[in-house]
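Engineer: Given chain A, work out where chains B, C and D should sit, using these hints.
Chains as they are written, first to last, in our numbering: chain A, 243 to 461; chain B, 243 to 461; chain C, 243 to 461; chain D, 243 to 461.
Just so you know, the hints here were simulated from the structure itself, not pulled from any lab data.
Hints should not be assumed to be uniformly reliable.
Identical chains share a label here; the pair holds if one copy fits it or two copies do between them.
When the alpha-carbon atoms are kept at most 25 angstroms apart in a straight line, the in silico DMTMM-like pairs for lysine to aspartate or glutamate are as follows [unchecked claim]:
#: 1; residue 1: Lys296; residue 2: Asp434
#: 2; residue 1: Lys296; residue 2: Glu376
#: 3; residue 1: Lys296; residue 2: Glu337
#: 4; residue 1: Lys296; residue 2: Glu403
Since the model is a prediction, treat every value here as computed from it, not as a measurement.
4 protein chains.
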Amino acid sequence: MDQRTSRVDEHSRYYNQIAGSNPERLGALSDGIFAVSMTLLVLALAVPAAADVKEAGGLSPALVHLVPNLVTYFMSFLTLGIFWVGQQTQLSQLERSDRDYTWIMLAFLLFVTLVPFSTGLLAAYYQSRLALVEYWLNILVLGLFILAGAEYAARRGLFPEANLRTIINAVRRRVFIAQGLYLLATVLCVVDTRLSIGLIVAIQLNYAIAPRILFLHRL
Amino acid sequence: MDQRTSRVDEHSRYYNQIAGSNPERLGALSDGIFAVSMTLLVLALAVPAAADVKEAGGLSPALVHLVPNLVTYFMSFLTLGIFWVGQQTQLSQLERSDRDYTWIMLAFLLFVTLVPFSTGLLAAYYQSRLALVEYWLNILVLGLFILAGAEYAARRGLFPEANLRTIINAVRRRVFIAQGLYLLATVLCVVDTRLSIGLIVAIQLNYAIAPRILFLHRL
Amino acid sequence: MDQRTSRVDEHSRYYNQIAGSNPERLGALSDGIFAVSMTLLVLALAVPAAADVKEAGGLSPALVHLVPNLVTYFMSFLTLGIFWVGQQTQLSQLERSDRDYTWIMLAFLLFVTLVPFSTGLLAAYYQSRLALVEYWLNILVLGLFILAGAEYAARRGLFPEANLRTIINAVRRRVFIAQGLYLLATVLCVVDTRLSIGLIVAIQLNYAIAPRILFLHRL
Amino acid sequence: MDQRTSRVDEHSRYYNQIAGSNPERLGALSDGIFAVSMTLLVLALAVPAAADVKEAGGLSPALVHLVPNLVTYFMSFLTLGIFWVGQQTQLSQLERSDRDYTWIMLAFLLFVTLVPFSTGLLAAYYQSRLALVEYWLNILVLGLFILAGAEYAARRGLFPEANLRTIINAVRRRVFIAQGLYLLATVLCVVDTRLSIGLIVAIQLNYAIAPRILFLHRL
Chain A
243 MDQRTSRVDE
253 HSRYYNQIAG
263 SNPERLGALS
273 DGIFAVSMTL
283 LVLALAVPAA
293 ADVKEAGGLS
303 PALVHLVPNL
313 VTYFMSFLTL
323 GIFWVGQQTQ
333 LSQLERSDRD
343 YTWIMLAFLL
353 FVTLVPFSTG
363 LLAAYYQSRL
373 ALVEYWLNIL
383 VLGLFILAGA
393 EYAARRGLFP
403 EANLRTIINA
413 VRRRVFIAQG
423 LYLLATVLCV
433 VDTRLSIGLI
443 VAIQLNYAIA
453 PRILFLHRL
Chain B
243 MDQRTSRVDE
253 HSRYYNQIAG
263 SNPERLGALS
273 DGIFAVSMTL
283 LVLALAVPAA
293 ADVKEAGGLS
303 PALVHLVPNL
313 VTYFMSFLTL
323 GIFWVGQQTQ
333 LSQLERSDRD
343 YTWIMLAFLL
353 FVTLVPFSTG
363 LLAAYYQSRL
373 ALVEYWLNIL
383 VLGLFILAGA
393 EYAARRGLFP
403 EANLRTIINA
413 VRRRVFIAQG
423 LYLLATVLCV
433 VDTRLSIGLI
443 VAIQLNYAIA
453 PRILFLHRL
Chain C
243 MDQRTSRVDE
253 HSRYYNQIAG
263 SNPERLGALS
273 DGIFAVSMTL
283 LVLALAVPAA
293 ADVKEAGGLS
303 PALVHLVPNL
313 VTYFMSFLTL
323 GIFWVGQQTQ
333 LSQLERSDRD
343 YTWIMLAFLL
353 FVTLVPFSTG
363 LLAAYYQSRL
373 ALVEYWLNIL
383 VLGLFILAGA
393 EYAARRGLFP
403 EANLRTIINA
413 VRRRVFIAQG
423 LYLLATVLCV
433 VDTRLSIGLI
443 VAIQLNYAIA
453 PRILFLHRL
Chain D
243 MDQRTSRVDE
253 HSRYYNQIAG
263 SNPERLGALS
273 DGIFAVSMTL
283 LVLALAVPAA
293 ADVKEAGGLS
303 PALVHLVPNL
313 VTYFMSFLTL
323 GIFWVGQQTQ
333 LSQLERSDRD
343 YTWIMLAFLL
353 FVTLVPFSTG
363 LLAAYYQSRL
373 ALVEYWLNIL
383 VLGLFILAGA
393 EYAARRGLFP
403 EANLRTIINA
413 VRRRVFIAQG
423 LYLLATVLCV
433 VDTRLSIGLI
443 VAIQLNYAIA
453 PRILFLHRL
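With the rest of the complex left out, here is chain A (with noise of 0.2 angstroms):
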């Protein structure tokens, strides 16, 4: 190897050394992102049209219409809610960051949002199993990379050694389950869709408010 390649080789290291090393910048972006997908959720609460209120009988049987909306809306803000709770504690522990994981974490962030385009087409179409699917994987797909980040962090070690163990082990189980009782909830749409979406907001609700009270307040 000459000294030229040498030399460049050195400052292509340097670069990727420095490069996505700053967990504080990532984590800006993390919120941005995820106050941005949080709030664009609402556009799919369209106020009803002056034509549509008026073929509807009144503004009260217009907003009813709103239901499936309401609830989507409600849902893929808990969604959004856990991922940036489950994000914002793995980064809050990395003692430091690379380029890899801020590329991984960079994955996640695109499947954080699509979830607003997800959310929309459950709204218009929650008795469509594809539909249903679609918002599955978005859920699926932002787990893995949750858990993808916490193994590569894990391997790199980008996290404190004294609390190694316990971290990985805690997000692995988190994944396993939550994605369990995800895939759970998705497969019953053979029964009904609704029956689904019902079932994956009580999942929500549970790790969001309840996890003291449930059965599941160990897992």
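Structural biologist: The following block gives chains B, C and D in isolation, referenced to the frame of chain A:
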């Protein structure tokens, strides 16, 4: 309880302990959601289409049609500004956060993202009592979650001991009086919804700019 | 004054004292609102629909129709960039903030969120003097609130004593001269609104890129 | 030069000195603009309307129509991710900022906000060379401003002396090679625009996930 369960318990405990424990990231997410919601309000101010301008007989009368949208836009910016100040004051007093407090604030933020919808609804149907009551419910729930956050933080010792009573009393008084005034303004929609809207704006302006001028300055 | 009232007063005083006292959160909210407003400008650049492309005789002439939208998009990005630099310079000089300063800045941010509307209006009706005057009023009010913020901060001792006169004089000069130039450009709409738009862009470019080149460099 | 002028000069100098001197706020604005732009990309993925679903013969074929939108959405997320990593790496190396550097970055951010438009245009007209060239120009200008920022910072001593040569060489090499590859991919649109799009995605994936695998790893 066998050893395996106890280890699992410990992992869960550790995870629940570190999850949502960072008030800074919660503040960043909140700022993002408030920023997006405040800016999305402007989407309720649609630029008049060429056909509407022709029909109205010029740009000037077409803009006059936007007056209800302008009023609700202004009112909602005030609403969000007041709750932003309230929430950031509360967060700035926290010594630490925890998972349940985080979820109370996420529920609060859910209703922050709803404000652009409530605004659009009221702008389109400002003479409808239903639209007004929906708007008022949005404000009411925001106030209740601010209160719930403060009560929870006080009970769990998230505020510094020294300021505890001062903070919780100030929050209670502000929420009770402000919500009382909003309720009064809303009830007056039996006379005219525009009277209610005018009163809500007046109450908000009092909180925003004139707490030392009006007789309410002691409240 | 009985003891109860005095305790209540104390609580209110304490609350007003801590409310809005953190310039960092105000900076974060401002960055968020500027970021969303700057990005929403692009929504005024609608991708030409297939029917419009057919009617215009190809994608190329259909894109030419977007020129007014491109110009106003560019102009508004400059407007927001200039006021972002101005506001962040002011905030960076604060030793502390208070509740009233926070509300002056929230009023400023209200008119920041209005810029995408003013931009869309001017893009659609760039030959209308009314649309131009509305745009100019938006810029004028932004300048007035920047000035009001600096005057208030100076009077209340929010700036460090040592730099006080330098800061306030610099802000006054910049606001007066820039607003004078904007007014001049707007008045020229009696000749042609496009002349006004061109002049506003030239003034903004001068502030953004060439303060050392043009004769205005001392201003 | 009389005394008054000299005092005025001093004020201007002081203002220009403090304006834009804070790289943290610039980073926060950038994170916000990237976050909003990345999330707005999803708006190019419109949920198929009921009429379109009927016409396409079901939700499944209607979703297949979204494939070009999905590909450009994915490509643009990669584009923005790559430039976000590039810009935050550059900002993280700054010892300080100044007004002109801030404006170079604001110009960079202007073209960041343009990416959702270029994406929507390419999704709608992916067989048009004009739409492809417009997309490529957007990437080119982003690269040029990243380079301009680094060159300016190097000349003005905004980077620490010790890393100066390493940083500037790494940026130059990356921009030249990446832009060369993008140009090559774009030129191949004379064969087929879809070939160009596929190649751009491949180049981006190489930068994002595989710099150590492909033959380009030394570049």
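Engineer: Which holds for Lys296 with Glu337 at a C-alpha limit of 25 angstroms: within a copy, between copies, both or neither?
Structural biologist: Neither, since 59 angstroms and 53 angstroms both go past 25 angstroms.
Engineer: Within, between, both or neither: how does the pair Lys296, Glu403 come out at a Cα-Cα threshold of 25 angstroms?
Structural biologist: neither (65 angstroms within a copy, 57 angstroms between copies)
Engineer: Within a copy, between copies, both or neither: which one fits Lys296 and Asp434 at a CA-CA cutoff of 25 angstroms?
Structural biologist: Answer is between: at 22 angstroms across copies they meet the 25 angstroms cutoff, but 32 angstroms inside does not.
Engineer: Can you tell me if Lys296 and Glu376 fall within 25 angstroms by alpha carbon in one copy, between copies, both or neither?
Structural biologist: Only across copies: Lys296 and Glu376 sit 19 angstroms apart there, 34 angstroms inside one copy, limit 25 angstroms.
Going down the numbered hints, you'll see the structure goes against 3, 4, while the others check out.
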